[in-house]
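**Q** Chain residues, written in single-letter form:
Protein chains: 2
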Amino acid sequence: MTTTKRRSERQQWNPDLGVLASRLSTETQTGVFASLRVAGHGDLEMRHGAVLPYLDEDGIRATELARLSGRHKQVVGRLVDELEALGYVERRADPGDRRAKLVIPTPQGLEALRVADRAIADAEARHAERIGRRAYAEFREAMRAMLAPRPGMS
Amino acid sequence: MTTTKRRSERQQWNPDLGVLASRLSTETQTGVFASLRVAGHGDLEMRHGAVLPYLDEDGIRATELARLSGRHKQVVGRLVDELEALGYVERRADPGDRRAKLVIPTPQGLEALRVADRAIADAEARHAERIGRRAYAEFREAMRAMLAPRPGMS
Chain A
1 MTTTKRRSER
11 QQWNPDLGVL
21 ASRLSTETQT
31 GVFASLRVAG
41 HGDLEMRHGA
51 VLPYLDEDGI
61 RATELARLSG
71 RHKQVVGRLV
81 DELEALGYVE
91 RRADPGDRRA
101 KLVIPTPQGL
111 EALRVADRAI
121 ADAEARHAER
131 IGRRAYAEFR
141 EAMRAMLAPR
151 PGMS
Chain B
1 MTTTKRRSER
11 QQWNPDLGVL
21 ASRLSTETQT
31 GVFASLRVAG
41 HGDLEMRHGA
51 VLPYLDEDGI
61 RATELARLSG
71 RHKQVVGRLV
81 DELEALGYVE
91 RRADPGDRRA
101 KLVIPTPQGL
111 EALRVADRAI
121 ADAEARHAER
131 IGRRAYAEFR
141 EAMRAMLAPR
151 PGMS
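Residue numbers (our numbering), protein chains in the order written: chain A, 1 to 154; chain B, 1 to 154.
Fair warning: there could be bad hints in the mix.
[Claimed, not checked] Pairwise CB distance ranges, derived in the manner of DEER restraints:
(1) A:Leu110 with B:Gly96: 50 to 60 Å
(2) A:Asp43 with B:Gly96: 42 to 52 Å
(3) B:His72 with A:Arg37: 10 to 20 Å
(4) B:Gly87 with A:Ala34: 37 to 47 Å
(5) B:Arg130 with A:Arg61: 26 to 36 Å
(6) A:Arg37 with B:Lys73: 19 to 29 Å
(7) A:Gln12 with B:Ala39: 22 to 32 Å
(8) A:Glu9 with B:Arg99: 19 to 29 Å
(9) A:Ala39 with B:Asn14: 22 to 32 Å
(10) B:Gly96 with A:Trp13: 15 to 25 Å
(11) A:Thr63 with B:Asp122: 30 to 40 Å
(12) A:Ala39 with B:Arg133: 37 to 47 Å
(13) A:Gly77 with B:Glu57: 39 to 49 Å
(14) A:Arg47 with B:Glu138: 32 to 42 Å
Simulated from the structure, these hints should not be mistaken for lab results.
From the three backbone atoms N, C-alpha and C, an ideal C-beta is built for every residue, glycine too.
Go ahead and model the full structure; you've got the sequences and the hints to work with.
**A** This is how it looks when you write it as structure tokens:
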């Protein structure tokens, strides 16, 4: 039986998965964007975080960015427009298929990706130091297993 | 050394903490709001999820909602305004302090909180079934430990 009484207290001593996952995600993103700001990339916004993890040095198609990020193609198109206007990516014809375009990070974009990747690696190292390397590795593995696609589900 | 080459592939076979946490949070919230929609509360929006976990049957002050959710007081005030307009909460004078107001769920609000709490409990049960009860309990405990306030930090 779930009671709605004193839910706020329960969320403090025993936060539910929704609260925990939201905090972890927010804390991680906040750290990344703080590092980006310090490194001079303060014009990047949280919403750009949807596609930043999937940008490739060699370029990636917008349709692939949409698939990987789980966002609608229109949303990704708008984010790429913004990143292009800010000078982080450019669109170039795909040498393998001239009808297709690749989203390619500029040198400024590559710099920002390195800063973001380092910020996440640092956060993971801090977590591992705090709860133990083994506990952290198991935590990560559990999260991956929970999020892996299920057979027969999209 | 971090390389930015083939980042998109790396994020598929070994997603970083930012990607994992964001997916887990999104998946959990999406499940909650799908259940709310099915139960006739489709007018609740994802942004309301910031305060829903902390609403108490007996009422809670907006300042306390802001502290618990980690959101600015103005943001919480706006969310409470919206929830009030939608009929999920009402503001009433605090019997213990007539100058203060309490945010109190209406019967419709209590119903929605029960649906949301059940959706999260169901999601946790599914995760535990998938990766094992013990692995899931350890996962949750690791996440709590990682997010616990550190001495000397705000």
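**Q** Which hints from the list above does the structure break, by number from lowest to highest?
**A** When the structure is compared with the hints, none of them turns out to be violated.
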